[in-house]
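K.L.:
What follows is the residue order along each chain.
Protein chains: 2
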Amino acid sequence: MAQKNKNDVTKERLLNEAEGLFAQKGYDAVSVREITKAANCNLAAVNYHFGNKQNLYLEVFRARWVPRAGLLQEHFRKSLAAQGSPSPTAVAKALAEAFLVGPLSDEERHRHHQLIVRELGQPTEAFELVADQVMRPFFKELADMLRPVMPEGLGEKRLMLNILSIFGMVLYFNFARAAVTRIAGYEYDTAFKARLVEHIVEFSLKGLGGAEKEEMR
Amino acid sequence: MAQKNKNDVTKERLLNEAEGLFAQKGYDAVSVREITKAANCNLAAVNYHFGNKQNLYLEVFRARWVPRAGLLQEHFRKSLAAQGSPSPTAVAKALAEAFLVGPLSDEERHRHHQLIVRELGQPTEAFELVADQVMRPFFKELADMLRPVMPEGLGEKRLMLNILSIFGMVLYFNFARAAVTRIAGYEYDTAFKARLVEHIVEFSLKGLGGAEKEEMR
DNA sequence: GTTTGTATCAAACGATCGTTTTAATGTCAA
DNA sequence: TTGACATTAAAACGATCGTTTGATACAAAC
Numbered sequence: 130m131a132q133k134n135k136n137d138v139t140k141e142r143l144l145n146e147a148e149g150l151f152a153q154k155g156y157d158a159v160s161v162r163e164i165t166k167a168a169n170c171n172l173a174a175v176n177y178h179f180g181n182k183q184n185l186y187l188e189v190f191r192a193r194w195v196p197r198a199g200l201l202q203e204h205f206r207k208s209l210a211a212q213g214s215p216s217p218t219a220v221a222k223a224l225a226e227a228f229l230v231g232p233l234s235d236e237e238r239h240r241h242h243q244l245i246v247r248e249l250g251q252p253t254e255a256f257e258l259v260a261d262q263v264m265r266p267f268f269k270e271l272a273d274m275l276r277p278v279m280p281e282g283l284g285e286k287r288l289m290l291n292i293l294s295i296f297g298m299v300l301y302f303n304f305a306r307a308a309v310t311r312i313a314g315y316e317y318d319t320a321f322k323a324r325l326v327e328h329i330v331e332f333s334l335k336g337l338g339g340a341e342k343e344e345m346r
Numbered sequence: 130m131a132q133k134n135k136n137d138v139t140k141e142r143l144l145n146e147a148e149g150l151f152a153q154k155g156y157d158a159v160s161v162r163e164i165t166k167a168a169n170c171n172l173a174a175v176n177y178h179f180g181n182k183q184n185l186y187l188e189v190f191r192a193r194w195v196p197r198a199g200l201l202q203e204h205f206r207k208s209l210a211a212q213g214s215p216s217p218t219a220v221a222k223a224l225a226e227a228f229l230v231g232p233l234s235d236e237e238r239h240r241h242h243q244l245i246v247r248e249l250g251q252p253t254e255a256f257e258l259v260a261d262q263v264m265r266p267f268f269k270e271l272a273d274m275l276r277p278v279m280p281e282g283l284g285e286k287r288l289m290l291n292i293l294s295i296f297g298m299v300l301y302f303n304f305a306r307a308a309v310t311r312i313a314g315y316e317y318d319t320a321f322k323a324r325l326v327e328h329i330v331e332f333s334l335k336g337l338g339g340a341e342k343e344e345m346r
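Line by line, the protein sequences are chains A and D. Counting in the working numbering, the first sequence runs without a single skipped number right up to 346 at its last residue. Counting in the working numbering, the second sequence runs without a single skipped number right up to 346 at its last residue.
Hints were generated in silico from the structure; no laboratory data involved. Computed from a predicted structure; not experimentally measured. A few of these clues could be false.
Label pairs and their calculated CB-CB ranges [stated by the list, open to error]:
no., chain 1, residue 1, chain 2, residue 2, range
1, A, Leu258, D, Ala192, 34 to 42 Å
2, D, Gln212, A, Glu285, 29 to 37 Å
3, D, Asn176, A, Arg162, 22 to 30 Å
4, D, Glu270, A, Asn171, 50 to 58 Å
Straight line, CA to CA, 30 Å or less: simulated DSBU-like cross-link-like pairs of lysine-lysine [said to hold, decoys possible]:
no., chain 1, residue 1, chain 2, residue 2
5, D, Lys182, A, Lys154
6, D, Lys182, D, Lys166
7, A, Lys166, A, Lys154
8, A, Lys154, D, Lys154
9, D, Lys154, D, Lys322
10, D, Lys269, A, Lys322
11, A, Lys182, D, Lys182
12, D, Lys286, D, Lys269
13, D, Lys286, A, Lys322
14, A, Lys207, A, Lys269
15, A, Lys182, D, Lys166
16, D, Lys207, D, Lys269
17, A, Lys166, D, Lys154
18, A, Lys182, D, Lys154
19, A, Lys154, D, Lys166
20, A, Lys269, D, Lys322
21, A, Lys166, D, Lys182
22, D, Lys286, D, Lys207
We put the beta carbon where it would ideally sit given N, CA and C, even for glycine.
Construct the entire structure; sequences and hints are all you get.
P.N.:
See the structure below:
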């Protein structure tokens with residue numbers, strides 16, 4: 130058991146450092162030597178614990194990304210339940226708040242979104258993992274939640290487009306943080322994040338068709 | 130002069146192939162050997178014509194990306210002028226149409242957005258180039274255009290957030306094309322792009338505050 | 001016809017890549 | 001104490017990286 134413990138320490142440090150570096154630089158720009166150096170362990174540790182570099186990358190998603198996505202969904206559900214009925218406004222607000230403020234630290238949230246945006250632009254095996262275990266189930270949950278409270282004319286395709294769009298906004302403002310602050314001259318502080326949540330909710334409401342019905346509720 | 134001509138042929142092939150590969154795989158995942166092989170020329174050609182790999186990357190932006198962005202802006206301006214007054218609806222529609230359908234081929238548009246999204250997430254010298262020569266001037270132009278026709282209460286910061294958001298949507302649906310089609314099961318065909326333009330316009334109108342005033346015009 | 005400058009080529013440079021090997025640890029069960 | 005097993009360590013593997021070199025081809029200038 131003491132063995133397992135030591136094992137886990139090195140393995141977890143590797144996962145942590147690997148995730149940070151993969152998120153920051155992308156898979157190809159990070160070397161195994163860089164990861165093991167950051168994790169303060171031997172070069173061969175990656176191949177010993179994970180087989181090879183690619184499997185370490187996948188394990189980052191299995192052991193870090195997916196559980197964290199679970200945390201975010203949990204936060205969203207609780208936040209939504211506290212607001213009462215799942216109106217389009219309430220859903221948009223709970224989503225934006227969970228993913229832009231939510232339970233994660235700034236650094237963790239940045240990691241989270243950097244990793245997934247890289248996969249969106251260039252899907253690998255990790256994307257299939259995330260799509261199966263996180264995205265498709267969660268999107269279905271959201272669609273089931275919104276369908277009854279949306280305008281009648283809105284088809285399934287438009288509904289999915291709207292859900293995808295909210296995530297697009299969230300991803301964009303997290304991922305492109307460095308660029309947005311440089312272009313617009315904003316500080317990415319608490320006040321800005323609050324403004325951003327408000328903005329995304331407002332921006333999404335028209336698409337969700339709930340603006341007229343819900344915003345005065 | 131005949132020399133210059135031969136020179137240009139190789140140089141341009143290098144720029145074309147380099148752009149495609151950088152867009153598809155990212156800077157670090159593409160080797161100089163890969164580029165020169167695709168361009169059907171000698172390995173040393175990159176260093177001869179561009180000095181080094183990084184400068185070839187920058188030249189891709191200088192010689193390809195920036196001019197293409199000019200094309201897009203031109204298309205946008207003409208399309209907007211044809212619609213008459215620059216109402217929020219007209220601006221959103223012209224923007225979405227220019228960047229999602231517009232004058233570019235599907236492949237060219239994909240390249241264009243892949244390159245810039247990589248820079249948004251991890252800005253390099255190329256981002257400064259694009260920010261100075263393309264983004265800041267164009268965003269200013271849009272802000273000046275929209276300011277008079279927006280609701281009075283809307284401040285400069287909200288105005289910029291809305292402009293940034295429209296581009297976020299456009300970038301997202303171009304960049305994450307592969308992922309969106311896998312998740313939502315869409316074909317990325319002409320019909321889908323038309324639906325996407327409509328969707329983005331609709332989605333943006335609430336943010337632009339022009340929905341109530343303009344959509345029946 | 002010789003010189004000059006441009007472009008391309010094969011070949012090689014040292015550095016770094018992911019991975020493997022082999023030996024040296026430390027820990028627990030027998 | 002001994003043997004089995006899990007983990008770490010140093011060193012080396014071949015492959016590939018970006019870049020440089022020196023030779024060659026060829027058109028224009030003198």
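K.L.:
Against this structure, judge whether each hint is valid.
P.N.:
Consistency of the hints with the structure:
no., hint, verdict
1, A:Leu258 / D:Ala192: 34 to 42 Å, "holds, 39 Å"
2, D:Gln212 / A:Glu285: 29 to 37 Å, "holds, 31 Å"
3, D:Asn176 / A:Arg162: 22 to 30 Å, "holds, 26 Å"
4, D:Glu270 / A:Asn171: 50 to 58 Å, "holds, 56 Å"
5, D:Lys182 / A:Lys154, "holds, 18 Å"
6, D:Lys182 / D:Lys166, "holds, 14 Å"
7, A:Lys166 / A:Lys154, "holds, 16 Å"
8, A:Lys154 / D:Lys154, "holds, 13 Å"
9, D:Lys154 / D:Lys322, "holds, 24 Å"
10, D:Lys269 / A:Lys322, "holds, 23 Å"
11, A:Lys182 / D:Lys182, "holds, 25 Å"
12, D:Lys286 / D:Lys269, "holds, 12 Å"
13, D:Lys286 / A:Lys322, "holds, 13 Å"
14, A:Lys207 / A:Lys269, "holds, 18 Å"
15, A:Lys182 / D:Lys166, "holds, 27 Å"
16, D:Lys207 / D:Lys269, "holds, 18 Å"
17, A:Lys166 / D:Lys154, "holds, 26 Å"
18, A:Lys182 / D:Lys154, "holds, 18 Å"
19, A:Lys154 / D:Lys166, "holds, 26 Å"
20, A:Lys269 / D:Lys322, "holds, 23 Å"
21, A:Lys166 / D:Lys182, "holds, 27 Å"
22, D:Lys286 / D:Lys207, "holds, 27 Å"
Hint compliance for this structure: no hint is broken.
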